[in-house]
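Asks: With chain A fixed as given, assemble chain B onto it according to the hints.
These protein sequence lines are chains A and B, in that order. Sequential numbering of the first sequence, starting at 1, is according to our numbering. Sequential numbering of the second sequence, starting at 1, is according to our numbering.
Think of the hints as simulated: they come from the structure by calculation, not from any bench. Check each hint, because a few of them may be wrong.
Since the list gives no way to pick one copy over another, a pair counts as held whenever it fits inside one copy or between any two copies.
[Stated by the list, open to error] Result set (BS3-like, lysine-lysine): computed pairs, CA atoms no more than 27 Å apart in a straight line:
no.: 1; residue 1: Lys-68; residue 2: Lys-261
no.: 2; residue 1: Lys-162; residue 2: Lys-175
no.: 3; residue 1: Lys-68; residue 2: Lys-175
no.: 4; residue 1: Lys-210; residue 2: Lys-18
no.: 5; residue 1: Lys-497; residue 2: Lys-26
no.: 6; residue 1: Lys-162; residue 2: Lys-341
no.: 7; residue 1: Lys-151; residue 2: Lys-175
no.: 8; residue 1: Lys-68; residue 2: Lys-283
no.: 9; residue 1: Lys-413; residue 2: Lys-341
no.: 10; residue 1: Lys-261; residue 2: Lys-281
no.: 11; residue 1: Lys-283; residue 2: Lys-142
Listed below are the residues making up each chain.
Protein chains: 2
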Amino acid sequence: MVPFLLTFLFHAAGFAQKLDMKALDKIRQEGMSNSQVEAIAHQLTDVSGPRLTNSPGFQRAAEWSVGKLTEWGLQNARLDEWGEFGNGWQFEKSYLAMTQPYYMPFIAIPKAWTGSTPGLISGDVAVVELNNESDFARYTGKLKGKIVLVKGEDFDAGPTFKPDAVRLTHEDLDKLTNSETFGGQRFSPEMLERYRLMRNFRTKVDSFLKAEEIQLELIRRNGRHGTLFTSNGASFQAGTPDPGPAFELSNEHAGLLQRLKNSGMEVKVEADVKTRFFKEKTKAANVIAEIPGSDRKLADEIVMLGAHLDSWHGATGATDNAAGSIVMLEAVRILQATGLKPKRTVRIALWSGEEQGIYGSRNYVKKTFGDAERMMLHPDHEKLSAYYNIDNGTGRIRGVYLQGNEAVRPIFKKWLEPFGDIIDQPTLTSRNTGGTDHLSFDAVGLPGFQFIQDGIEYGSRTHHTNQDLYERLVMDDLRQMAVIVASFVYNTAQMDKKMPRKELPKPVAR
Amino acid sequence: MVPFLLTFLFHAAGFAQKLDMKALDKIRQEGMSNSQVEAIAHQLTDVSGPRLTNSPGFQRAAEWSVGKLTEWGLQNARLDEWGEFGNGWQFEKSYLAMTQPYYMPFIAIPKAWTGSTPGLISGDVAVVELNNESDFARYTGKLKGKIVLVKGEDFDAGPTFKPDAVRLTHEDLDKLTNSETFGGQRFSPEMLERYRLMRNFRTKVDSFLKAEEIQLELIRRNGRHGTLFTSNGASFQAGTPDPGPAFELSNEHAGLLQRLKNSGMEVKVEADVKTRFFKEKTKAANVIAEIPGSDRKLADEIVMLGAHLDSWHGATGATDNAAGSIVMLEAVRILQATGLKPKRTVRIALWSGEEQGIYGSRNYVKKTFGDAERMMLHPDHEKLSAYYNIDNGTGRIRGVYLQGNEAVRPIFKKWLEPFGDIIDQPTLTSRNTGGTDHLSFDAVGLPGFQFIQDGIEYGSRTHHTNQDLYERLVMDDLRQMAVIVASFVYNTAQMDKKMPRKELPKPVAR
Numbered sequence: 001m002v003p004f005l006l007t008f009l010f011h012a013a014g015f016a017q018k019l020d021m022k023a024l025d026k027i028r029q030e031g032m033s034n035s036q037v038e039a040i041a042h043q044l045t046d047v048s049g050p051r052l053t054n055s056p057g058f059q060r061a062a063e064w065s066v067g068k069l070t071e072w073g074l075q076n077a078r079l080d081e082w083g084e085f086g087n088g089w090q091f092e093k094s095y096l097a098m099t100q101p102y103y104m105p106f107i108a109i110p111k112a113w114t115g116s117t118p119g120l121i122s123g124d125v126a127v128v129e130l131n132n133e134s135d136f137a138r139y140t141g142k143l144k145g146k147i148v149l150v151k152g153e154d155f156d157a158g159p160t161f162k163p164d165a166v167r168l169t170h171e172d173l174d175k176l177t178n179s180e181t182f183g184g185q186r187f188s189p190e191m192l193e194r195y196r197l198m199r200n201f202r203t204k205v206d207s208f209l210k211a212e213e214i215q216l217e218l219i220r221r222n223g224r225h226g227t228l229f230t231s232n233g234a235s236f237q238a239g240t241p242d243p244g245p246a247f248e249l250s251n252e253h254a255g256l257l258q259r260l261k262n263s264g265m266e267v268k269v270e271a272d273v274k275t276r277f278f279k280e281k282t283k284a285a286n287v288i289a290e291i292p293g294s295d296r297k298l299a300d301e302i303v304m305l306g307a308h309l310d311s312w313h314g315a316t317g318a319t320d321n322a323a324g325s326i327v328m329l330e331a332v333r334i335l336q337a338t339g340l341k342p343k344r345t346v347r348i349a350l351w352s353g354e355e356q357g358i359y360g361s362r363n364y365v366k367k368t369f370g371d372a373e374r375m376m377l378h379p380d381h382e383k384l385s386a387y388y389n390i391d392n393g394t395g396r397i398r399g400v401y402l403q404g405n406e407a408v409r410p411i412f413k414k415w416l417e418p419f420g421d422i423i424d425q426p427t428l429t430s431r432n433t434g435g436t437d438h439l440s441f442d443a444v445g446l447p448g449f450q451f452i453q454d455g456i457e458y459g460s461r462t463h464h465t466n467q468d469l470y471e472r473l474v475m476d477d478l479r480q481m482a483v484i485v486a487s488f489v490y491n492t493a494q495m496d497k498k499m500p501r502k503e504l505p506k507p508v509a510r
Numbered sequence: 001m002v003p004f005l006l007t008f009l010f011h012a013a014g015f016a017q018k019l020d021m022k023a024l025d026k027i028r029q030e031g032m033s034n035s036q037v038e039a040i041a042h043q044l045t046d047v048s049g050p051r052l053t054n055s056p057g058f059q060r061a062a063e064w065s066v067g068k069l070t071e072w073g074l075q076n077a078r079l080d081e082w083g084e085f086g087n088g089w090q091f092e093k094s095y096l097a098m099t100q101p102y103y104m105p106f107i108a109i110p111k112a113w114t115g116s117t118p119g120l121i122s123g124d125v126a127v128v129e130l131n132n133e134s135d136f137a138r139y140t141g142k143l144k145g146k147i148v149l150v151k152g153e154d155f156d157a158g159p160t161f162k163p164d165a166v167r168l169t170h171e172d173l174d175k176l177t178n179s180e181t182f183g184g185q186r187f188s189p190e191m192l193e194r195y196r197l198m199r200n201f202r203t204k205v206d207s208f209l210k211a212e213e214i215q216l217e218l219i220r221r222n223g224r225h226g227t228l229f230t231s232n233g234a235s236f237q238a239g240t241p242d243p244g245p246a247f248e249l250s251n252e253h254a255g256l257l258q259r260l261k262n263s264g265m266e267v268k269v270e271a272d273v274k275t276r277f278f279k280e281k282t283k284a285a286n287v288i289a290e291i292p293g294s295d296r297k298l299a300d301e302i303v304m305l306g307a308h309l310d311s312w313h314g315a316t317g318a319t320d321n322a323a324g325s326i327v328m329l330e331a332v333r334i335l336q337a338t339g340l341k342p343k344r345t346v347r348i349a350l351w352s353g354e355e356q357g358i359y360g361s362r363n364y365v366k367k368t369f370g371d372a373e374r375m376m377l378h379p380d381h382e383k384l385s386a387y388y389n390i391d392n393g394t395g396r397i398r399g400v401y402l403q404g405n406e407a408v409r410p411i412f413k414k415w416l417e418p419f420g421d422i423i424d425q426p427t428l429t430s431r432n433t434g435g436t437d438h439l440s441f442d443a444v445g446l447p448g449f450q451f452i453q454d455g456i457e458y459g460s461r462t463h464h465t466n467q468d469l470y471e472r473l474v475m476d477d478l479r480q481m482a483v484i485v486a487s488f489v490y491n492t493a494q495m496d497k498k499m500p501r502k503e504l505p506k507p508v509a510r
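Same shape as in the complex, but just chain A (with noise of 0.2 Å):
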């Protein structure tokens, strides 16, 4: 029985339902005045330390997640097993100065799934340039005992004259909402193959090396001011044979090096490098639990939130993602305080493997919702409503990518109007973000979304950076996004009928 004027309402809308504004200014009260953001930021960063899939560190804050999630009481909170992934790793010193022609000591961190020297090693430096096989004769015989820095790319090491820090300016957001190519592409075929070509010209490089019985390998890194990119790191799978050293190198220490060599000069570094591979347990898990809903038609239905809990290893991945996981857990932490009783199931995950190619959500959708590959569907496809990710920094929300899917712009649109004041020009565009965990549940046709964020600093100086620490996160933001995201978990649970879908796409072999 709808009264005259919401019927009304209804229609005007297209078919988005009335909103439930009680229960969405609890959501803002509890978000904004009791925050736990703070809180929680510490623990995953500052306290678990580097997240690296399968490390004691993502271990730390997994289990924290889940004992936290428990305390909350959510159900079923676990760490739930997805399947093989490989080593874990960390590294436990990492120690890089230059001796000669004088002391100074250098920014680097051993990249990932590198290994060790025996102790504090000391040699001279080579520089070489490989860029294909052709070059790999001029070096033969010459790199025994060196330590052998890679000249790479010369990355831009020269002031900037643009902030740091950034957010979406009105224009931005025009672009964003009118055209399709802006930002955020998928990867071209093309440049796919030039990845792919890369990389066994890299695995080529690394065992030429290893072959030469060089000491030390040290690749020059993208960043400046300290500021340090870490790459991909080795490989990761069981089985890989153990590897040696490798240094990522600041920019300009690393520049330092190769125009002190270009002078004709003898140089020196020493290091200490140890490492270690956790072997013994290779496969790999999400942190799941649920609140359970409350409405006996609708709580076998399901509503996810989501966001990857593992990081990188040069620092505490504090925008990449403990923002993404921060703001997750906020967003159910304000779900149970309010009291609010969700009509559908929530369930949150926070993922492992994505930075090694969203593994943990692509296998936790292949083995719950379906097979992108096949398209097989299990039963629970017809069950979720909509999964709902953050993955973009610490940047507050400024609106929705809609990966194409046009239905549900009327029901974005009507969730984004009652936040016009925490939400600088709510914007909606139809077009499709990559790179992050929604993508898993959009390639079996499900409503998978993420949310389009002010960059502030993730492409200066967080994203994938030695600098990647809780100074990094804007709590504002975060407080921001955590309401923002817990309101639409909410209305997703009390929407009369589950999200509009796209078509099933058709499958895509791997």
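Replies: Chain B in isolation, oriented as in the chain A frame:
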């Protein structure tokens, strides 16, 4: 004999005489087309290393400069001792990492003139808050063997929405022209007194920590993203008892330690610092060289240009102040390469001891031109026309600080005119600018000038930081500066009269 037109020009410009445009074109041509700034920069930064006064790095840079000045045909190039400075010092090992609750290497630099650890040490971290002497009692007997982080100022480490690198806007320059108080004030007596009290308290803190037999002191420093601003060092005076080891620690890593301790966690760090004092030779020297004047009557008059060559120890002091030294070296190289024969003698000085209190220039002026304390002047006081200084980083010249000497305004105005294409809005401000070596000349009533420069990253990233490396130099700006300085020096050498002076200041007792 002056033709009518020239007489007219002469009068129209007040007392500024006609410029030798041919000479200025040669200077510009040489500086822009045959520039050596990259090569000089490489030597003073990369090859020499950090250049703390009386350190081997300073000595390398100074000796190279003497050699190069000689090679360019300057006369009497030499290391010119100015008196007692104190101990030389450098660090030869620098390693600091957290080992509990997990491993993380820290960005840290030994504080200048502090001591060594007995090899690799490890210990529990204690965070202490010491704001005045009454705080000592709380910690007495509790710090033995600890690694102590003295909780200092909570420097902001959050994201910045302003660019690291900036140039002066027209608005900034207008303010400089019109205001006497915009930036660069001298320290007020209140500030100096506060500073003195702080230093005294700091000494007491050091004594307290030493008496408590701590293993190592950690000091939180300003900066973000791996950039660390070093503070002043410990005492460099000969005869000072050997201090304990102390690290200056990056803002974020110090924040991490503080937050972990705040949560009641056990935190351990390990460290290895080796520093070396050079106590044999405690007298210090400036680099001095001359291009003898070509005019029989004017050759015993002098035009000076200079910059301090010494730096702090955390990096290679590229912008503070290799930049100024590069410009001054390049300026005399240009004068030599052009074959111009300045009428007056041109003398270059690369100072030492600037960072500890402009000692090198002050003592040079005292022995050469006059004593500011008693205003006792030497005969050469009459011979110096002007001194030009560069010490505000790598940014191009935008004008000159007149130091209240309004009589030079029309002269400099005319001199800047031919360079309108390489100086955007040439600006002359009556204002004083403080903190560097031209003040030593100003203090005895000699015309000493410093140029207005674009800031670039001086305040945000380079000035006294661990990131003041070669990459921070903007070569185009150095080229422009060298051309402008060479032209000013040449014009000064060719003037009919010496530069107008301000009234002789009153003696300033120290």
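Asks: Evaluate each hint against the coordinates.
Replies: Outcome of the hint check:
Taking identical chains as interchangeable, the C-alpha atoms of Lys-68 and Lys-261 lie at most 27 Å apart only when they sit on different chains, with a minimum of 21 Å there against 53 Å within one chain. For the identical chains of this complex, Lys-162 and Lys-175 are neighbours both inside a copy (20 Å) and across copies (23 Å), given an alpha-carbon limit of 27 Å. Proximity of Lys-68 and Lys-175 under a CA criterion of 27 Å is satisfied in neither setting, with 40 Å inside one chain copy and 56 Å between copies. In this homomeric assembly, Lys-210 and Lys-18 never come within 27 Å of each other (Cα to Cα): the closest approach is 65 Å inside a single copy and 69 Å across copies.
For the homomeric pair Lys-497 and Lys-26, the shortest alpha-carbon distance inside one copy (23 Å) is at most 27 Å, but the shortest distance between copies (81 Å) is not. Proximity of Lys-162 and Lys-341 under a CA criterion of 27 Å is satisfied in neither setting, with 47 Å inside one chain copy and 44 Å between copies. In this assembly of identical chains, the alpha carbons of Lys-151 and Lys-175 never lie at most 27 Å apart, being 38 Å within a copy and 47 Å across copies at closest. Taking the shortest alpha-carbon separations for Lys-68 and Lys-283, only the intra-copy value of 23 Å comes in at or below 27 Å, while the best inter-copy value is 64 Å.
In this homomeric assembly, Lys-413 and Lys-341 come within 27 Å of each other (Cα to Cα) only inside a single copy, at 24 Å, whereas the closest approach across copies is 76 Å. In this assembly of identical chains, Lys-261 and Lys-281 lie within 27 Å of each other by CA distance neither inside one copy nor across copies; the values are 44 Å within and 32 Å between. Within a single copy, Lys-283 and Lys-142 get their C-alpha atoms no closer than 41 Å, and across copies no closer than 46 Å, so neither meets the 27 Å cut-off.
The earlier numbered hints that this structure contradicts are 3, 4, 6, 7, 10, 11.
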